[in-house]
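As a plain string of letters, each chain reads:
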Amino acid sequence: NAGVTQTPKFRVLKTGQSMTLLCAQDMNHEYMYWYRQDPGMGLRLIHYSVGEGTTAKGEVPDGYNVSRLKKQNFLLGLESAAPSQTSVYFCASSYSLRGQSYEQYFGPGTRLTVT
Amino acid sequence: QQQVKQSPQSLIVQKGGIPIINCAYENTAFDYFPWYQQFPGKGPALLIAIRPDVSEKKEGRFTISFNKSAKQFSLHIMESQPGDSATYFCAASMESGGSNYKLTFGKGTLLTVNP
Chain A
10 NAGVTQTPKF
20 RVLKTGQSMT
30 LLCAQDMNHE
40 YMYWYRQDPG
50 MGLRLIHYSV
60 GEGTTAKGEV
70 PDGYNVSRLK
80 KQNFLLGLES
90 AAPSQTSVYF
100 CASSYSLRGQ
110 SYEQYFGPGT
120 RLTVT
Chain B
176 QQQVKQSPQS
186 LIVQKGGIPI
196 INCAYENTAF
206 DYFPWYQQFP
216 GKGPALLIAI
226 RPDVSEKKEG
236 RFTISFNKSA
246 KQFSLHIMES
256 QPGDSATYFC
266 AASMESGGSN
276 YKLTFGKGTL
286 LTVNP
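Order-wise, the sequence lines are chains A and B.
Under our numbering, read the first sequence as residues 10 to 124, first letter to last.
Under our numbering, read the second sequence as residues 176 to 290, first letter to last.
Treat the hints with caution; some may be incorrect.
Straight-line C-alpha distance at most 25 Å; calculated SDA-like pairs for lysine to any residue [as the list claims (entries may be wrong)]:
no.: 1; chain 1: B; residue 1: LYS246; chain 2: B; residue 2: LYS217
no.: 2; chain 1: B; residue 1: LYS217; chain 2: A; residue 2: GLU39
no.: 3; chain 1: B; residue 1: LYS217; chain 2: A; residue 2: ARG53
no.: 4; chain 1: B; residue 1: LYS217; chain 2: A; residue 2: GLY62
no.: 5; chain 1: A; residue 1: LYS18; chain 2: A; residue 2: THR29
FYI, nobody ran anything at the bench for these hints, they're computed from the structure.
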């Protein structure tokens, strides 16, 4: 099992450009998440999904959109990148049992720089 | 509003020392408290977790102490080793509310264990 994979690993964007980050998991997990990690700020939840076709806003959703068209994939989009979106982005997934979520498994991260 | 406060921001100990990382939470509805460990360039990984029905949980050299009345919990690392050098995050969520998939993270502690 590859676990949780993220594409790309690194990316540099110019202000106003758009891009999509791809997260894939092969563990058949129901729940998937996108976090951003900034120095001294910990991990902050951007958006999450509790199942295929459903998404919801997290703590810091502004400037991002997501889609979960397939159970194994969770896409994070930046329509018009801003320097404030320079960060390391982590995707995670977890399985659920009778409505309860369990351990979150994280991907290796995508380092994004917006100039 | 920071719901989980973590301290210290950084910590340096000698090999064999016992680093202690503390977290305090505000939301009394939290009932699941995991700790994640993150090595440089990697995603976080679950280390150990506790629920408030117990005051202490041990897994190998790692121990969580939980004080429900004070709304505090801490991570102790016994016989610390240079390989324990990493960033540690505490987190909290609400299992009973059916939303335990939404973790609230502390800001992290950078631990360095010197040889």
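Each hint tested on the structure:
1. Restraint check for LYS246(B) and LYS217(B): not satisfied, since their Cα atoms lie roughly 30 Å apart, outside the 25 Å limit.
2. At most 25 Å may separate the alpha-carbon atoms for a hinted pair to count; LYS217(B) and GLU39(A) meet this at roughly 23 Å.
3. Our distance criterion of 25 Å between C-alpha atoms is met by LYS217(B) and ARG53(A), whose separation comes to about 16 Å.
4. Annotation: proposed proximity of LYS217(B) to GLY62(A) is violated, straight-line Cα distance about 29 Å (limit 25 Å).
5. Proposed proximity of LYS18(A) and THR29(A) is supported: the alpha carbons are some 12 Å apart, at most 25 Å.
The structure does not agree with the numbered hints 1, 4 stated previously, though it agrees with the rest.
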